[in-house]
Each structure stands twice: as C-alpha cells, then as structure tokens.
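Peer 1: Assemble the complex: chain A is given as a structure, and chain B with the ligand must be docked to it using the hints.
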Amino acid sequence: MSKEPVAVVGIGQSRHVAARRDVSLAGLVREAALRALQDAELTWADIDAVVIGKAPDFFEGVMMPELYLADALGAVGKPMLRVHTAGSVGGSTALVAANLVAARVHGTVLTLAFEKQSESNAMWGLSLPIPFQQPLLAGAGGFFAPHIRAYMRRSGAPETIGALVAYKDRRNALKNPYAHLHEHDITLDKVMASPMLWDPVRYSETCPSSDGACAMILTDRAGAARAPRPPAWMLGGAMRSEPTLFAGKDFVSPQAGQDCAADVYRQAGITDPRREIDGAEIYVPFSWYEPMWLENLGFAGEGEGWKLTEAGVTELDGDLPVNMSGGVLSTNPIGASGMIRFAEAALQVRGQAGEHQVDGARRVLGHAYGGGSQFFSMWLVGDRPPDS
Amino acid sequence: MSVVLKAPLVVEFPFTRSLGPVQSAFLTGLRERVILGVRTRDGRVLVPPVEYDPVTAEELGDLVEVAPTGTVTTWAWNPAPRRGQPLTTPFAWVLVRLDGADTALLHALDAPGPAAVHTGMRVRIRWAGERTGAITDIACFEPYDGHRAEPTGHTGEFEDPVTGIVAAARLDYTYSPGRAQTAYINALSGRRTMGERCPSCRKVYVPPRGACPTCGVATSEQVEVGPRGTVTTFCIVNIKAKNLDIEVPYVYAHIALDGAGLALHGRIGGIPYDEVRMGLRVEPVWTEDARYPDHYRPTGEPDADYDTYKELL
Ligand SMILES: [Zn+2]
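In the order they appear, the protein sequences are chains A and B.
Each residue of the first sequence is one higher than the one before, starting from 1 at the first, in our numbering.
Each residue of the second sequence is one higher than the one before, starting from 1 at the first, in our numbering.
Bound conformation, chain B alone:
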C-alpha cells in the first residue's frame, strides 16, 4: 500500500471584535497606561473588567482605576514560547492581582528562570513602547520590590476611545486525506479517476472516503470511473469569487462520471456558457502539472436521457 499523503494546513484569519462599553474603556486605558477595573454592587473590583456580574448577572459599568503593581497569585513556567506569545524567551505565565483589585489578570512575567518566580512575589507592569488599545499594550510583568504604585485617579473617560480590535487567529495543522483519498489522488496523477465500491449497496463513491455513509461499512474495492460523464445540474457563475482566477461567466456543474454513484463538481468549458444543459455529455481536459482536470468539455455525444441521471443531481 502506498504511503498516506500529509501536508501542512495553516488556517488564519484577522477576526474583528466590537468591544462594547466596558472592554472599550479597559483597552483604551491600557493605551493611556491606565488600568481600569469594574466595581460590583458588593464592592469587589474585577480586573480585567467584565460587562456582567458573574454572580448576579447585573450589568456593570462603574469603572475603577487600579495600580500598575501587584502580587502573583499563581504561575506556571513556559520553557519554550511559541509563535504569538508575549515574550520570545522563556517566561512565566502568571495570574497577577493588581493593587486595588480583587481578581487576577493573566499575563506573562519576564524572569530569568523558574527559581526566580514564586506565588506572592511583587511585580509591576512593563508597558509596550507602542500602544494601540490591546492587551499587548502590557508587554509583560517584571519583578518589582518598590512601593505600591498609586492610581492616577482616572475616571475612565477618554478621547478617541478604542471601540474594536482585530484579533488575528492562526491554527497550524498537519492534514492527511487518509488512505482512500490518497489512492484517489495518486490515481489522478495518471489521469485516472478511481472510486471505491460499497460492498453492501454496490454504489461507487468518488472521491472515496473509505466508508459508505449510508451503509456505515468500510469500502476497499477499487473501481475506475469515467473519464466521460454527464452534467446532471449546474449554475452559471456571474460573480467573481475571491482567490479564484476564472473569468466570469462560467458554468459550475455537477458531473456524474460514468460508473460513479454520485456527482462531483467541475467547470464546463469548450462551449458557450448559455448552451450548457442538463444531460450534456462531457470529458475532462487536463493541463500540465495540475492535480485535477482544468475543466470538462462536451464529447459531442447525444445528451443523456433524464431518467439515466435523475438520481445523480
């Protein structure tokens, strides 16, 4: 059996976030080197602040400034920082209860090693040089043996508040299409389309997924299908999709390759877009170095009878 394919898959997107009034004040404050918490009705000060009381569900909005100094309440050493973490050298993840706050904030502590970190140690904020209104405006915390810093007495009202942020997300995967699709992909390099037949219902799955979703049994019998097929249904695409270098209009079709138990999807070419019809007989057109057919073109055969493909729409 051939080796199962693998490839890296990186998924990333710059998500936007609307902040609402409380987070807006908190992040704008960081930009101005002011740390704001929110006071609950029972007098506790929550830092970072939340919009709704975790105990009573009341809406909160009474902003309170706290000090940029505080105490580590617990910690964990991070010996190998990863991409996107606050520091590039080993550091401690810490929960810091800032002076004046009743809850702790998660951040990084710049320390030479785990022996230099302990619960109860005093720390202070190291501000980032460039601040934009984001949690990264706090570069990290650092050990501090000076006096408790005093808040500036800020009200939480700012000029030009930050109302939204961009939170870039990124996930790194190793993707494998699995045994069945690897065989299918390898066959494509020889310009052959291989499906797998279900031992129970006898339908041929293309592309194969290693199991029949209807019968719930594994498939393994290799069956070559096509290369010719029938357009079972289609649409005419008049709107240019992002990242897709195809001139519009073009026809996007469901194509049932001869012998296949369900249709796959492809573009129809070699015929004016407004002459494509259900039942049109087509064959693949390959280009150099492409894994999949570039498009399908008419074979010139008579159209297939509707009854022959009506279960394959």
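Here chain A stands alone, though its shape is the one from the complex:
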C-alpha cells in the first residue's frame, strides 16, 4: 500500500526577537501553535498527536520540557513525542510528524519546535569543561571558520562571497515580519566593514541569538480537502546522520548531506534540482555555508556554489532564490530554526509568503543540519500532491 500524501495546512510562528521576557516557554510555544491552528481553521480537538523538538535540554536547563508543555499544546490524552537531533531538530521533528501521517497512524498532527535563547546558554551547554581534555580554544565561530577556509581553498571562491550572502539574507529579512533582525540601513559596505571575529568570518556573517517558536499542522488527503487555504504537499523527505568526527570526514560537503538530498530528490522524481526546484530555505548559520550547501545539495557542482551566489542567482528575484525569509542569518532560535526552514518552504508553495514570496514557486526545498554536521534533514514541498 502506498504512503498517504502529507499536506501542510497550517503554519504559525512567533515574532522572533532577542528576548521574549513577557512569556514563559509555554506561552512562547502556545503563540506559534495557535497561529498554526488559526491558519488551518482547526481547534485543539482536531489534532490527533503532537510532535515537538528543541535543541538539547542543557540550553535552557529545563529537563524534558515536553512534559510541562503538554498542557500548552493541547496534548493531554494524545500521543506526544519529542525529537532530539541537535540543530537539525526542527527539520527532523517535522519529518517524524509527517511520517505519522504518511503511515496513516494519525490523520492530523501538530508539530512544533522552539528555543528561548535568551534564557539559554548554548555556548556553555556545548562546551562544558571536561576533565583531562584540552579546553576549547575558540568560540562558536571557531568551530565553523576553519571549515569555511577549507571551502575557500578548495573552490577558489573570492573573499567577498560571505558578505554577499549576509547582505542578501538581511535584506530578505526586511520583507519578513517574523524575522528577528530588521537592519533597515544594511549595506554591503557595512557587512564588509563589520569586525572580523574568526577570520574569515565577519560579525555580520554570523547568525543572531533568538527567542522563537514555529508550528505546522500536517494532515492527510481528507484533511487537505477541508483546508481553507491551499496546502503545501510533501514530495519527499529524508534524514541522514554521520559521526561528528571520523577519519575522512568531509566538513565542506558531508556525505550524509549529499545522501539525504539525493534521497529527497529520488522520492520527488527530481533529476535536475537546479532547474526543477524554484527556491530553497537552507540552514546557513554562517554566510559561507550558502555556497557550501548549494554544492552539497546538488544545486551546483563541486567548487561552483559560490558562482551562483556571486551571479545573484540566489537573490530573492534570482533564478534559484535561497533563504527568502532572511534565513538563519536573520533569525536563530536554534531548535526552531530547522522547522522555520521547512515552514518557509511550505509558505512559498502555498503562495502565503507575503512580501518575500517568490512568484510561481511550485517546488521549494527546506533543509536543516546540526550537531557538527552530524544530522541532516530535508523536505521538498510542492503546490500539488505527489503523483498529480
């Protein structure tokens, strides 16, 4: 028996900001969940199961927050699951929820991811001083910057590419009312002039630290038929993982990322992603990861990703817009960031992305990764059901 097609019929986000001191964790997730229910014109009673995700518990120090959030998410008396896959968790949470619908275990599932970084200390949570071990010698960017230099060496990309990505994403964020950073006076010169923190990474090429939540309502064909607004349809979805460190690991283009993308394209019948996909929301926490992931995801050949960025192909009005929402570079509630990518992809094919809508977007990729390039999760959504 074939899988049940999965539709996204409701999407909700909180307005992402540096600190939401006015709400508890429960209040924050509630906002996103209610907006998703409103979008789908459904009530708590219409939800069969709840699947949530966030980054490790250590970040906010609330152990197993899913227990306490059951009330806020109307999960009492229903199955509730929590997914853990580090920074990719927003994506894999959506896929676990989607698989429950695809397998006909549940008809309609609420999926949600969140992070309250203002009440969290991610850097501390990730770098506990372990006895006998050498202390970490650099901050967060110190982990990523050497991989970026490796990419530059391998591809011969000019040094300006990172700034171009940041300039684009920050301008896109100006068109997205939910984005955290709204830098109205942004210029390329300002990005280039921002302090070089971890050379080759400048301050303006790094992601902010945000409080936010993102929710989606996923449903089956019958649910989609009742939806008040056009649904987005999942055309393919996959997860892959590999160790954070091993001999032969390619941090520039991890095998798990390539395999994950190939699986999604195979499911969706995509043979030429560059031509057949109309846009992508890609997890880019440091600007240089745009060209790196363009290659990893098969949108460009090895060493060629930066040429798409340089030529303006990934601009909002380009041939393959990337991070139309402003991306992780403009909004980063860590656990939610992957789901925001998935949700923004769905908004595009539903024609509901507002000012950052790509005209005629029919197939859009949502991508997330995390845990030192250990976990990858992706989906491709379309404006029509699969096999139609």
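Hints in this document: simulated from the structure, not taken from any laboratory.
Where hints are given, some of them may not hold.
Calculated from the model, a selection of chain B residues having no Cβ within reach of chain A, i.e. all distances over 12 Å [what the hints assert, rightly or not]:
id	residue
1	V45
2	E65
3	A80
4	A108
5	A128
6	A134
7	A218
8	R281
9	E301
Computed footprint of chain B on chain A; a stretch qualifies when at least three of its residues, placed anywhere within it, have a C-beta under 8 Å from a C-beta of chain B [what the hints assert, rightly or not]:
id	region
10	15-29
11	67-74
12	188-202
13	234-247
For glycine and all other residues, C-beta sits at the position ideal for the given N, C-alpha and C.
Peer 2: Positioned in the frame of chain A, the structure of chain B with the ligand alone reads:
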C-alpha cells in the same frame, strides 16, 4: 593495563526563567504571603496554578486565593537531605492540598520522623524570613492542629510583580575518559602522542576513543604519531573568549600530526598570525606541568603539498 582515570565534573549554571502572567502572580503572591491558584472553567482550583487547562488546553487566568493551611494527600520520608533541598535535617516530601484548592502542591514537611507523618494530616505553611518571589518563599510545611485559615481575599494584583527568576542548576558527575583516552593522556605526560589504529580501515585515531566510528570495531593497536604535523586549515581568532587567557589575535588551527588519520586542534605560535597558512609544518611547544602542548610552532620545513593533507581538513 594502567588504571582508568576518573575525576569529578560539576556542571552548574544560573538559568533564567521568564514567568508569564500566571507564574508571575503565583510567585509574587508567595513573596507577599498570599497563595494563588487558578480556576478552570469547570470550577476547579489548581494550586500551583498553570497557564493552560490540562484537560481542555484553554488559557487560564482567573486567579483565586487559597488558604495557607491544608491536608497531606501523600508523602515520602527523606532520611538524608541533599544539597539544595528545602531542609537540611530529615524531612517528608509531601503533596499538600491547600484549603480551597482541588490539586496538591509538592513541598517539604518538617517532622521529627516518619512516625509523625500520615496521609490526611493537617499542615500549614511556614514562611521563609526573606522572601523574593520563589517557591522557596515557603520554607516548608509544619504540622498544624488549629482551624482552617481564611484567605485574605487578595485579587492577584501586586505592586512590583516578579517577572523572572534565576533557577540555579547543578549536576555532580564522576567523569572517566575511558581506557583508550586514559592511555593517550598518560602518554602525553611523557610528551608523546599515542593514537590507536583501526584493524579494519587502518586509520589512526588521535585522540583514540577505543573504536572506529566508521567501521564500528574496537581499536587497540597503539601507534605513536607526530610530534610534527601540518596545519590543514585554521582561523584567526580576534574575539576574546570568556575563561580563555589568550591574547588576541591568535591562530586556531586543525593540525594533522604525522601518521594521524584525522586532525586535532591547537593554537599556532612563534610566527605572526597573518603569516600562518594551510600546509605550514609545525611541532608542539610544551610548558612545565601542562597536560597538552601550549601551542605549535613552525618547524622551518617547506610547506606540505595540498594533496598530502586535503583529506585531513
Ligand atoms: Zn575503521
């Protein structure tokens, strides 16, 4: 085989919490010696209050004052209180349904011994002397045989409400790096770097973790690597990290020691930071009493060819 290393690891952090309207009222109330619950649509009073109805998921906000006296609904004796618990002498953990409430609150009961505690016993709140707007404003409960206390009729509106708290978390572990890393650490004290070779793919893991993550097989063959190596990639750190006493700028590099199957991380010194490059040949510089090399410095050899280290970035 040498003894596997062990050491205490204490993880602690003062987490902050934004309370939202209901918890804000509840904790501010405790500061003012007022206990607030929240009323659900079906008329039940939940203490401690919650923001969302556990049955209907409705948002709740109808605050109701309850009495500082109540009844123990169940309990467990705690013969050996631990750090951070409400009392330092043995006490009972109790669930107390306060008079006027439909649910019970978890707290401590100060009692001389388990024989003095029973389900159904009457108790009252013993307030802390200094109250800040936290659950610890209730010092504990104590046995009480007087009349049911009456609420003061408070509305739940306060001057200067508490909107956030600091919740200090602390975890005490005993950490052991395990057999393979113990051997590696012990070798470092002789200024030698020992890895382990995978019997399947023949790659040398440094530091060793006792297994090859690619092949999924145990490793045991000891292989000395280095001391020289190649800078495979790096960044220049211009921002001073907390708890790190290194002058910026400095170079943080991935260094593939000769013979190692993957790079380890270290600082590069003995050369201006802007002259460090991929392929630079380096060697460790040790200081007295340090477990790890302080940094790596150029050996003066010609740079390594990119093809020799491109798999080790
Ligand atoms: Zn192996």
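Peer 1: Does each hint hold? Answer for all of them.
Peer 2: To see whether the hints hold, each was checked on the structure:
{"no.": "1", "hint": "V45", "verdict": "16 Å, holds"}
{"no.": "2", "hint": "E65", "verdict": "22 Å, holds"}
{"no.": "3", "hint": "A80", "verdict": "22 Å, holds"}
{"no.": "4", "hint": "A108", "verdict": "20 Å, holds"}
{"no.": "5", "hint": "A128", "verdict": "23 Å, holds"}
{"no.": "6", "hint": "A134", "verdict": "15 Å, holds"}
{"no.": "7", "hint": "A218", "verdict": "15 Å, holds"}
{"no.": "8", "hint": "R281", "verdict": "17 Å, holds"}
{"no.": "9", "hint": "E301", "verdict": "20 Å, holds"}
{"no.": "10", "hint": "15-29", "verdict": "holds (count 7)"}
{"no.": "11", "hint": "67-74", "verdict": "holds (count 5)"}
{"no.": "12", "hint": "188-202", "verdict": "holds (count 7)"}
{"no.": "13", "hint": "234-247", "verdict": "holds (count 4)"}
Comparing the model with each numbered hint stated earlier shows that all of them hold.
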